[in-house]
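In terms of this note's numbering, the sequence shown is residues 18 to 438.
Calculated from the structure, these hints are not laboratory results.
One or more of the hints may lead you astray.
Computed spacing ranges between beta-carbons, pair by pair [said to hold, decoys possible]:
1. W198 <-> N410: 44 to 50 Å
2. L210 <-> Q29: 56 to 62 Å
3. R269 <-> D197: 49 to 55 Å
4. A302 <-> D89: 23 to 29 Å
5. D42 <-> A252: 54 to 60 Å
Straight-line Cα separation of at most 30 Å, DSS-like style, residue types lysine-lysine; simulated pairs [unchecked claim]:
6. K277 <-> K379
7. K229 <-> K321
8. K112 <-> K242
9. K176 <-> K112
Beta carbons are placed, not taken as given, at the ideal position from N, Cα and C, and that holds for glycine.
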Amino acid sequence: MSVDKLKALQEQKGRIVAEQRSLIDKAETENSRAFSAEERSQFDKHDSDIADIDRKIAHFQREEADQRAVADAANKAQEEKRAQTDEKTAETAHKQAFDAYLRYGVADMTEAEKRALGGFVKAVEGNGPETRAQSSGSGAAGGYTVPREFSNELEIALKAYGGMLELGRIWGTGTGATVDWPTLDDTATKGRLLASGTDATTGSTDLGFGSKTLGAYTYTSDVIKVDNALIQDSAFNLGALITEAMGIRFGRVQNDHYTKADGTNKPEGVIINAGVFNTGVAGTALTADNLLDLLHAINRAYRKNGKFTFNDLTLAAIRKLKDSQGRYIWQMGDIQKGTPENLWGYQYVVNDDLADIGLSAKSVGFGDFSKYIIRNVASPLIIRLTERFAEFNQTAYVGFMRTDAKLINTGAVKFLQHAAS
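Generate the whole structure from the sequences, applying the supplied hints.
Printed below as a string of structure tokens:
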């Protein structure tokens, strides 16, 4: 999408926001009366229009991200081709062999394609100890790793369907072996003045080192069925279709778990061990002061990298809030300058797996979410199922991905919790 069109959408959104705020201000100046039926209708229509514009902007931004990913891959391919490196040759052969595997299966691949794909075969591992990879060509017992270009498309799809991948720190490892991640929170410890002739070791304070264990839990995309007519069309980008479908499915379940899973035989959601802020928070309402108090409940050492997170319904409520000076706390930002929408200058990420505003709910988070570590193991795997849906003239595919996640510093993030009554 052109820069002019993006600018036009943002300007249109700005006008609608101004009209909404005018309705709110008018009602407040008239003894804080409630909206009339006509005003409520206008306000709700503005909400709908803004949501529509946001969807258009998000769509075009994803489209541009896809185009950039393809362009980056193409530029990288050209550079590697000029360099004539062995890595480039292997990567190209892997992609071509992977496409052949998706379309025809191992039995109908050439020997050269089998050799190229054989270096990327992996066992489908469960939530247990690390096991060795299967031998070359063993499509029934193992799967094949997704090539780099398709992995980039998968990552885009994952982020589009889950806010935690935007917030957390993604860390990739070659194997699923258990890893102990060191932890340290020394923000409350001070040094001291050393008097003349005093032993420096007297009254020393040890650093609070610890560790948290990151494992590897296996997720499946479940079966993805594709009509054989599409598979036989060589112009059809089969790999992109399948990796996008995998990304959507993985993104939805993993974001839910990264947000609120209890950590028992699955990743530990960020909410589980994050701090809780509930001072002066009502059961069914949210104020600008609540959000400001949450912000300042985080130590300044973590606040400088802080971000807010909440779901889309909570965002709608926040956009109506004003501070004590009557100024709206939600700011539009500027797409042209790369400035995101924000609250008091702090970026926010929408995560629809967070709770709505309500009794006892943890509806808003703030802090340095880079302390939430998302560990991904190698590349995702994919298996082709030839016979299972043959009577429907379809071929099926199933993907597997291994991951774990934990908040390694519980003081870096807090969630606002509403009163129970």
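Okay, the hints, checked on the actual structure:
1. Our hint of 44 to 50 Å for W198 and N410 holds, since their Cβ atoms are close to 48 Å apart.
2. The supplied range of 56 to 62 Å is met by L210 and Q29, whose beta-carbon atoms lie about 60 Å from each other.
3. Judged by the Cβ atoms, the range 49 to 55 Å given for R269 and D197 is violated: they are separated by roughly 30 Å.
4. Under the hint 23 to 29 Å, the C-beta atoms of A302 and D89, about 46 Å apart, miss the expected range.
5. Between D42 and A252 the beta carbon distance is about 56 Å. The supplied range of 54 to 60 Å therefore holds.
6. About 10 Å separates the Cα atoms of K277 and K379, which keeps this hinted pair within 30 Å; it holds.
7. Of the pairs offered as hints, the one joining K229 and K321 holds, with about 24 Å between alpha carbons and a cut-off of 30 Å not exceeded.
8. Distance restraint check for K112 and K242: the Cα-Cα separation of roughly 21 Å lies within the 30 Å cut-off, and the hinted pair is therefore satisfied.
9. Restraint check for K176 and K112: satisfied, since their Cα atoms lie roughly 23 Å apart, inside the 30 Å limit.
Violated hints, in rising order: 3 and 4; the structure is consistent with all others.
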